[in-house]
Amino acid sequence: MKLWELKPNKEAFVSSFSTLDPETASLFRDIGIKKSACIRCVLKGFLGSPCVYEINDSLYSLCKESADKIFVKEGAFGF
Amino acid sequence: MSYRQKVYLLGHANTGKTSLYNRLTGANEKVANYHGATTRLSQKNLRGHKDTLLYDLPGTYSISGKSEDEVLTVETIKKSDENSLLLFVLDGVNLKKNIENLIPFLESFDNKKQRIAFVINMIDEVDYNNIEIDKLKIQRELDIPLVLTSAKKNTGIKKLRDLIVGAKDLRPLDLKDFSSRLSKLENYTKHQGLISYRRMQSIDRVLLSPLWGPLFFIFIMTVLFQAVFSWAAPFMDLIDSGVSNLSSLITPYFSNIYVKSFFKDALFGGLGAFLVFTPQIFFLKFIISLLEESGYLSRSSILCHRLLSFFGLSGESFIPLLTSHACAIPGIYAAKHIRSKKTWFITIISLPLTLCSARLPVYALLIAFLVPNTLYFSGLVGLRGFVLFSLYLFGLFLTLIVSKVLSLALHKKNKKALLAIELPRYQIPCISDVIKQSFQTTYTFIRDAGFVIFSTNCFIWALATFPNGPGNLTSSFLSALGKFLKPISSPIGLDWPETVALLTSFLARETFVSTLGTLYGSNSDSVKALADIIREQQGGYTLASTLSLLTFFAIALQCISTLAVLRRELKSDKIAFTLFLSYLIFAYIASFIVYNLTSFLL
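Chains A and B supply the protein sequences, listed in that same order.
The numbers in the working numbering rise by one with no breaks, and the one at position 25 of the first sequence is 25.
The numbers in the working numbering rise by one with no breaks, and the one at position 60 of the second sequence is 60.
Fair warning: there could be bad hints in the mix.
Coverage of chain B stretches by chain A, computed from C-beta distances (three or more under 8 Å per stretch; other residues unrestricted) [as the list claims (entries may be wrong)]: (1) 93-107; (2) 419-426; (3) 558-564.
Think of the hints as simulated: they come from the structure by calculation, not from any bench.
Glycine included, each C-beta is placed from N, C-alpha and C at the ideal position.
The task is simple: from the sequences and hints, build the whole structure.
Below is the structure:
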């Protein structure tokens with residue numbers, strides 16, 4: 001599933017950012033997300049506004065265009 | 001001067017490098033609680049040690065960072081020599097991520113040797129979150145000096161200063177080898193869940209919620225603009241009466257009519273007319289700094305992203321746009337952290353249209369002609385404040401329109417800019433730092449604009465006084481110049497004094513009011529007094545000419561400093577000149593339409 005489709009308080013796992021297109025992969029590297037990560041959706045945005053996700057003990061905000069490019073596996077990973 | 005030692009403060013974004021730099025050097029560089037607040041390289045001597053030079057570098061997330069500020073950091077480190085000290089500043093609450101990002105950064109410097117020391121900052125938050133950091137173990141394993149600090153609480157600064165002073169005895173380390181030892185560091189901290197993050201998520205659930213988020217945002221923006229106009233009023237009155245009293249105290253002592261006229265019109269009438277606006281600038285900066293330090297500004301970027309992306313901007317453009325309401329120049333610098341080059345270009349081209357503090361004196365004068373000074377809620381909210389707020393919205397509307405036009409021209413497929421930002425932890429702003437920064441901004445405004453305004457006023461006073469002496473304005477050189485230019489200015493409803501004032505405002509917008517103060521010989525610094533004199537001598541401005549002037553000032557790029565900074569950032573004389581000319585023509589045509597349409601309808 002796409003990261004954007006993740007519901008609030010649900011967790012997911014992204015194994016690799018290498019499958020992303022270069023622009024998005026570079027965007028994630030630039031904000032410090034380099035490795036595989038457990039992601040939790042904290043907040044859904046207002047009318048398609050960026051969502052807030054918890055990744056590696058930090059909160060990030062991703063817009064729909066970014067989050068749509070990341071494919072995740074939903075599950076419980078013990079946040 | 002040759003420095004015995006150079007010290008580079010570097011690390012992940014938003015770890016408090018600039019706060020430490022300010023503590024160590026006594027500088028007053030801008031501090032803010034969001035990622036990418038520092039975009040320029042600052043350098044200053046270590047306090048009390050003239051031979052030690054400190055560099056404050058923009059924060060980096062990675063060696064491959066594409067934003068201009070990150071490239072600057074990497075390039076600066078590459079050029080540093082073996083004797084320099086690299087002082088890595090780490091966020092104690094998030095050591096693991098800081099270290100993870102530092103390792104590839106160090107690995108990229110093949111065989112480069114440097115002296116290294118670590119600073120674990122924000123130790124107050126480490127304690128708050130019950131995090132245990134094994135300092136001795138870290139020092140022993142890595143064999144480098146380590147200091148725990150809290151720049152906010154001024155803790156550990158003396159130890160850090162001692163470390164820097166004694167750093168010449170440190171052994172340079174191979175950066176690549178050091179990175180492998182560093183990977184163990186994340187295991188030296190223990191915590192039972194971060195209180196800061198739990199608190200942050202609870203607050204975000206309210207401030208970013210679909211209902212309360214936009215409402216709170218509107219409330220904060222309303223408070224900001226009301227503070228600028230209504231809350232600053234008593235302080236403005238204080239300055240006004242102070243300068244007026246000083247003028248009436250000093251000028252009677254001069255018997256020579258030229259000296260008397262110079263002090264009354266050029267010095268007190270002209271220069272004082274812009275000093276009176278300094279409380280508004282102070283309040284604007286004060287509230288923006290509070291928002292910056294609290295961590296709310298990044299949340300505002302999220303709330304605005306969708307709207308801004310429709311106009312070709314992104315959430316990353318929000319902070320530059322808001323900052324430019326104080327002055328366009330820091331807004332242009334704040335745009336450096338925008339990753340997309342196209343979004344950066346559109347942002348800096350369009351942000352001079354936001355209502356900056358230099359426009360405030362002009363708008364205040366023109367509003368005095370249009371709107372009665374009615375106050376509501378015990379004087380907390382004023383009608384003129386609402387009109388000013390609508391002018392802020394008009395400036396924002398123009399900015400968005402220009403952005404949209406540019407985005408359609410530049411983005412062939414109208415591709416939207418991506419947004420991915422890290423949200424800073426909320427914190428209670430340090431009021432003394434906020435006040436210090438607000439005073440610094442106000443002082444910079446007085447220093448930079450004051451020289452231009454004083455010089456212009458002297459020149460205008462000379463043109464208004466000669467050849468027939470003070471009091472003969474209609475037969476002066478200035479009158480001749482104004483009348484010569486009248487064919488250009490009369491189609492937008494301006495008389496000759498306003499034409500001259502408009503001409504001088506191309507040096508800096510705020511000179512418009514001070515020039516009118518000199519021309520009309522205003523004794524007082526208040527806009528109300530100047531408006532009364534204009535009404536008395538000329539019958540005031542008509543609605544059509546007032547609206548025409550408001551339109552002209554909203555659009556024209558009348559600020560040499562902004563133009564110079566734009567030229568430097570764009571690295572192009574041609575684009576800067578085209579921009580100046582385009583906004584000027586756009587302003588003239590819009591004013592012409594507004595003046596003639598209003599005259600026709602009334």
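Open item on the list: When the structure is checked against the list of hints, which entries are broken? Sort them ascending.
Closed with: 3
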